[in-house]
Each structure stands twice: as structure tokens, then as C-alpha cells.
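Listed below are the residues making up each chain.
There are 2 protein chains.
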Amino acid sequence: MARIYNFSAGPSMLPESVLLQAQQEMLNWQDSGMSVIEMSHRGKHFMAIAEAMKNDLIELLGIPANYKVLFLQGGASAQFAMIPQNILNGKTKACYVNTGAWSTSAIKEAGKYCEVQIAATSEAEKFTTIPAFDTWNLDKDAAYLHYTSNETIHGVEFSDVPDAGDLPLVCDMSSNILSRPVDVSRYGIIYAGTQKNMGPSGVTVVIVRDDLVGLAPKTVPAVFDYQQQAKADSMLNTPATYNWYLLGLVLQWLKQQGGIAAIEQQNIRKAGKLYQAIDQSTLYSNPVVKEYRSRMNVPFVLADAALDKEFLALADKNGLGSLPGHRSVGGMRASIYNAMPEAGVDALIDFMAEFERTH
Amino acid sequence: MARIYNFSAGPSMLPESVLLQAQQEMLNWQDSGMSVIEMSHRGKHFMAIAEAMKNDLIELLGIPANYKVLFLQGGASAQFAMIPQNILNGKTKACYVNTGAWSTSAIKEAGKYCEVQIAATSEAEKFTTIPAFDTWNLDKDAAYLHYTSNETIHGVEFSDVPDAGDLPLVCDMSSNILSRPVDVSRYGIIYAGTQKNMGPSGVTVVIVRDDLVGLAPKTVPAVFDYQQQAKADSMLNTPATYNWYLLGLVLQWLKQQGGIAAIEQQNIRKAGKLYQAIDQSTLYSNPVVKEYRSRMNVPFVLADAALDKEFLALADKNGLGSLPGHRSVGGMRASIYNAMPEAGVDALIDFMAEFERTH
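Going line by line, the protein sequences match chains A and B. Residue numbering for the first sequence follows this note's numbering, beginning at 1 and increasing consecutively. Residue numbering for the second sequence follows this note's numbering, beginning at 1 and increasing consecutively.
No lab work stands behind these hints, which were simulated from the structure alone. Note that the Cβ used here is the ideal one computed from N, Cα and C, for glycine as well. Be a bit skeptical, because a hint or two may be false.
[Said to hold, decoys possible] Looking from chain A toward chain B, a few residues come up when the C-beta cut is under 7 Å (computed):
(1) M13
(2) M26
(3) Q30
[What the hints assert, rightly or not] With beta-carbon atoms standing in for the labels, derived distance ranges:
(4) A:S185 - B:K218: 34 to 44 Å
(5) B:E125 - A:P217: 57 to 67 Å
(6) B:Q257 - A:K231: 35 to 45 Å
(7) B:N318 - A:G258: 57 to 67 Å
(8) A:M235 - B:K231: 28 to 38 Å
(9) A:D139 - B:T135: 34 to 44 Å
(10) B:D210 - A:A353: 48 to 58 Å
Working from the sequences, and respecting the hints, build out all of it.
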């Protein structure tokens, strides 16, 4: 089978040029005599790879100088626990907004370490919308305000940055980082797993403002203490070296695409045409309030759920993979991150139209 | 430059056949139409990769059925904190043996969570030996006894399993796991980072006896709670998928070599001839008590340290890389893990003899 269009929610497609370069360099990186996998993380070759990767991320996101950029392990889920542990700083409460499955998980984990105040929730609307900012209930004594900028399962995405007042704003951007411009200076912490828009799984990017570094009590594990990792440039222990390298290749590719502003235009076009196809159909539908529809994850259901199985089997046959919706919501889901070519979205739309015509 | 012999302490050499297979499968794993990097961790392809990898590790190490085998993130250093948090179970003390830099790090981290009793230490001997078992001072009220089976910096290795009495025995095997047979049933927990004998960095193997699973208080992060990860087969969140795949390839290679018993014979031979060359020379020396010399990491110094720089530069020119000793001890270090071919050790010995002849 040739390479397919893979609509997985993550891990997910990488640009083919990235895979080709990784393949070409697998046994001998740039005449070093070694695979990147085999390199000491303290050696000059890997140090150069790491430095370029970090600088490219800073450049792409426009990260101001008063932020530390960390590359940790454990996924965003580890940060669900490590954020309160690192920055509660003696406070006993944090505010969280609940817009779907991932914010729910973050809330559950934070509840182990502090009182969680739900500042807003769209649970009553089955997570098909974002609560209007002016209804949010913030506590000025909370340590921070946390939200999830894109929910992969429910397909809802913030279209603007919420106003956190005086609270540090903390955001899980795992599923839409690098897909649209972001004003980093509005945030206390941005964190993201890399397996959607940034590369392979196994790295967690944590971008943390200087005033939130150095607040961790000594019970925080050293490898998750933002200050200790910042001082060691994320090499307090052996990092996931090959994952850093692949992340770096994806960042280079993104720069070649014209950066985030250019990729955003592609993402707007890709998502726009897929939602339009869904809305114009009588077979397919998406329940999310239009203003908050995700550009990254497009869930949809068939009018007759009895057709789901056939739809998925035929899609697979046509080289359109990983389209089942999350088991908690059913139906279909097309994840169309940065690396999904527009031709993949076009192929999906054509397939959906043909399936509708024949069913 | 052709591929070199890379004596890095980790990340370190992989078998060339593993790299060739990874290269060949990079864009399209076994006709799936996807790179392994791109696969959903919940999809059938990756589930098959994960299951085969785990079963191969169980087979190679002979892990009994009453143990859980976890594949986590964060490195052995994260486990330095997570082991006491998971298994103290209300106790307030743990016993640690200090045989070098890595046990020292484990002790420091454990001290955040409990009182650490140093059961034995070779610090006065500059970590050139292992304290005799009959001198160890154990406390029967401690939660466990921890030791490091091989010290990469000081080059000392346990030749036998210590007697922990009634205490669960916990061992950091990061740098010699899979290099020699081990009776897993003697242990409460065996853990290891993968970047030496098992593959790329980015995975931590934790083998934990059933009675030590389920003891964690709720303040342990979910992704580091042994029970929660055991129930989720280490997929409570997205694992480092490509790293699991590479680990699986290394395990398949090890089986092809004849398993651990066969690789141990190679390791005995490789280390034996290198130590013999050092001992027979007047230029090179190794300070470790012979009985406890590491088969994996062979540190040595030159009689005249002024020659170090030239030695290293010439070695590099001859395709013998990453030979500088750790900055804390200086000199040289040859790490000769499973994947270092015997021809690499022979080449190093030849080079050392020629250097001695000409200096």
C-alpha cells in the first residue's frame, strides 16, 4: 500500500520531506559517523541539533526573552500534575475552564494538589461551545487560570485569548500549537505534547514566564522542576534525543512553509472546505457552534449511524485512515493538523460526497 | 566519514541491522501506509508493535507472571522520585547503597520523600569497589533497599545480587540490563532507562512485583502511578511510540544473537580483553577492584595526563569516538554495551597499543 492520508488525532502525519530526511540520515548524520539516536546528548553534534531546534521554536512562536523554553518528558498529562506543583507557590486554589475531555483530565489531576474552582464549563452543552468570557467566574486569590485551547475529542477551539485579569494564564496547547499565531506574552505558561503539530510523541514543550520559574517546593521531582531544568537547558537528565531531532526537522519544515502565518492560511482553507462539505450535506453533521469549531479536529456523525462501519471500511480502502471518532463520542473524526496536505482534505471531501451519492 | 565505533556512555551505539530496518521502514511500516512515528497508539498496527516488544522483554529477562512491566517516560531520574512516592506505603525510611554518581543522585532525590539510611558506601574508596555484603547496615523497618547495579562514571558493577533480607530489593539497572542474566524474582522493582543496552533514550522500563503495585497515595501523578499505568498497559497517556518501536527492534536483535546468555559471553570476552590490555600496559591504568570492574563502562587514565588531548584527538581520527571520561573523574572511558561489536574493542586495543608504542 502506498502512503495513506492519516487522519489520526495524534500521533499523526508528518511531512513526507521530514521522514525522507530522517530516513536518509538514519545511519550517519551529516557525516558524523553516527545515527542521531546513538549520539551522546552532551556531544557537539547533538548540542548543535538541540540549539537549532530551540532557536527555531523561539523564532516561529515569537517567544519573548523573559520566557524559558523547556523540553521535558511525560506528555501534557504529566504537566497536569506538575503545573500546580510548580506554581501554586503557597496558594491553595486554581481556576480551570472545562471545555471537553482534556480540560476535564487536567482538572481531575490538579484536584490532587489544590482546590479547583471551575471558572466556566460547557458541559451542559455537551462541550459543543466555549462559555462566553464575560460569564467566567475568576477568583483573584487563585494561583492561575487554566484552559485548553483546542479539544481534540469534541472539536472545539478557542478563537481568541481569554482575559485572565491578574492571574497567570496557563494553556494546554497540545493540539493547536504552531497552527495559528499566538501572543505568547499573554501567557504565564504554554505547554504542549509534540505528537500533533510538532513531531513524534515523547516530548512536552513547556514555555514558562520567568516569574513562574523557581517557585517549586523541594518535593517536586528534579526533572520536573522548571528552575532546575531551565538551568540545565532541559538536560538535567538524558532527554529524548531522537524525538528532539525529529521535532527540529518539523520546525525547519514549518519555516520553509512560510512560518505560522502561512500555515494558518492553509489550516483555515482546509478546515473551511471540510466544514462546508459537512454543512451542505444531508448525511453528515457537526454539532459544534460555528464560531468555536476546531481547525484541527473535525468530528462529524452520519445521519444513519448504521452506515458508520461501511463508511470507515470504504474510507480505509481508499487510503483515508484513522477516521473513527473517539469511543466516548462515536461517529467520525478527521484530524487535519499542519502536516495533513490540502490534497488529503480534498480526497476526504470527494470520498464523502461519493459515499453520500451512493447511500 | 564512515560509521565509527562510538564509545559513548549513553545514548550509545545501536546494532547496524536495527538502524537499517528502521531506515527501510521509515516512510511505510510493513505496508501500513504510515511511518511508525505517525501511528495512533490505539491503532492495530502500533498495538501489535507494543505487544511484541513487551513479550520479547518478558521472554529475554524471564520475568515471572507476578510482575508488571511498564514503559514510562522521564528517565531513571524520574523514578528516583517516583519509587519512594509509589512504595513507601506509610513508612518513613528507605535504605540505599552508595556506589557512585548514580546512587548518589538516587539518594539525593529519595531524601525529599523519606529518611534515607545509607546501608553501605564506597565513597571513602572513591567508588572503586563494592562494600562487602556482610557489612551492610539494613533497617528492617525501611520500606525497601535500593542499589545501582552498574555505575557508568566510576565503572563498578555488582557481580552478584545482594541479600536484602525481608526488604523489597529495588535496583537501577539502567546501564547493565540485558547484558547478563538476572533472577528477576529476587527483586521488588527493577528499573532502567533505555539509552544504553535497550535502544534510544526516552523510555524507562519499570518491572514491579505485584505486591508493590497499588500502594501509591493520590498525590502521585497519574502517569507515574504504577497501578494506573499497569491497568492501562502503559498507555494512560500517549507513550513515546517511536522509541517503543526502536526498543522492540533492539530486543529482536538480541534474540537473534542468542539472548542474554549468549550476549553475556560476548560481554565477558570484550571487557576481559580490554582490561587485560590496560593491565599489561605501563601507560594505561584502571583503579577499580578487579572483582567489581564493570563489563559495560571501562574508565582508564594515562600515566601522563598531558597526553590525554592527543590520545583523544588521534582516537577520533581513527574512528574511535566519545572516549573522554566523565568530567567529574577525567581520563578516558570506553563504554562497550551490547551493541558495541567485538571488532570495535579490538580496534580500540590496537589503537591504544600503537599510541603507547609511539609515546
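So the hint says 35 to 45 Å: do the beta-carbon atoms of B:Q257 and A:K231 match that? Hint holds: Cβ distance 41 Å, inside 35 to 45 Å.
Taking the CB of B:D210 and the CB of A:A353, does the distance hold inside 48 to 58 Å? At 54 Å between Cβs, range holds.
Hint validity - A:M26 Cβ closer than 7 Å to any chain B Cβ: With a closest approach of 4 Å, the A:M26 hint holds.
Does the CB of A:M13 sit less than 7 Å away from some CB of chain B? 5 Å, holds
Distance restraint hint 57 to 67 Å, applied to the beta-carbon atoms of B:E125 and A:P217: 36 Å, violated
Verify the CB-CB distance for B:N318 and A:G258 against the hinted window 57 to 67 Å. 45 Å, violated
Is it true that A:D139 and B:T135 lie within 34 to 44 Å of each other by Cβ? 57 Å, violated
Return the status of the interface hint for A:Q30: holds when the least beta-carbon distance to chain B is below 7 Å, violated otherwise. Violated, about 10 Å.
Note whether the CB distance of A:M235 and B:K231 lies within 28 to 38 Å or breaks it. 32 Å, holds
Regarding A:S185 and B:K218, is the given constraint of 34 to 44 Å on their beta-carbon distance met? 36 Å, holds
Going through the hint list in order, the structure does not satisfy hints 3, 5, 7, 9.
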